[in-house]
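Undergrad: Letter by letter, the chains look like this.
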Amino acid sequence: AIQMTQSPSSLSASVGDRVTITCRASQAIRSDLGWYQQKPGKAPKLLIYGASYLQSGVPPRFSGSGSGTDFILTVSSLQPEDFATYYCLQDYSYPRTFGQGTRVEIK
Amino acid sequence: EEHLVESGGGLVQPGGSLRLSCAASGFTLSTYWLTWVRQAPGKGLEWVANIRKDGSTIYYVDSVKGRFIISRDNAKNSLYLQMNSLRVEDTAVYYCARDANNYDGRGYYYDVFDIWGQGTMVTVSS
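Residue numbers (my numbering), protein chains in the order written: chain A, 1 to 107; chain B, 1001 to 1126.
So that you can see chain A by itself, here it is in the shape it has in the complex (with noise of 0.2 Å):
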């Protein structure tokens, strides 16, 4: 199974900081790589998708970038409803395979 490591696991920020979170695969994924949003009690909630394509809805201050292992999630100016735990998820292959998860918080 691929293995998908997030970094940092925890972030503490401020309304209006620029966020970047990182997502490595164990192996080339292409851009099959998704970015999802989950605030406690609730469920996951799609960001992005191909590892850069902005799923509809979505407030366009979320962006993705990178293709075969390396990938990033950036926040260019973390509002307070963004205070979430994020996870990749690969779509190369299966068994499909998240990230641990980062945890935001607020400074």
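Among the clues, some could well be false.
Every beta carbon over 10 Å from chain A, so not counted as near; a handful from chain B, in silico [said to hold, decoys possible]:
id: 1; residue: Asp1073
id: 2; residue: Ser1078
id: 3; residue: Arg1087
id: 4; residue: Asp1114
Which chain B residues face chain A? A few, computed with CB under 7 Å, are given here [to be verified]:
id: 5; residue: Gly1044
id: 6; residue: Leu1045
id: 7; residue: Tyr1059
id: 8; residue: Val1061
id: 9; residue: Tyr1095
id: 10; residue: Asn1102
id: 11; residue: Val1112
Hints in this document: simulated from the structure, not taken from any laboratory.
The C-beta atom is built at its ideal place from N, Cα and C for all residues, glycine as well.
Position chain B relative to chain A; hints supplied.
TA: Chain B only, in chain A's frame:
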């Protein structure tokens, strides 16, 4: 509006069985793959299984192979997860999700989980 609603969770003893259901509304289930994802308390997300539109192709994570069975009834707009030989480590919130294909406009499709249910809690404990 498109919705998925899970049901069937509860408390079960180790070695027991449970059947989860996921009901769809607002869209035609038969045109999508479907997925189960779980989340142990305080832990991250784990993909469990998915099933093709017509049920002809199924994939599982290794940890549930031979114990869990994913199935669907398109006529009832429903997805199921039959969980047998349950273990303490199967304790989790179980989510069903629509497994769609998003097009990038340049000839390539990506698998995405674009609609999720609210989750149902399964607790395996003696």
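Undergrad: A separate judgement is required for each hint: does it hold in the structure or not?
TA: Hints versus structure:
no., hint, verdict
1, Asp1073, "holds (23 Å)"
2, Ser1078, "holds (18 Å)"
3, Arg1087, "holds (18 Å)"
4, Asp1114, "violated (5 Å)"
5, Gly1044, "holds (5 Å)"
6, Leu1045, "holds (5 Å)"
7, Tyr1059, "holds (5 Å)"
8, Val1061, "holds (4 Å)"
9, Tyr1095, "holds (6 Å)"
10, Asn1102, "holds (5 Å)"
11, Val1112, "holds (5 Å)"
Hint 4 from the earlier list is the only one contradicted by this structure; the remaining hints agree with it.
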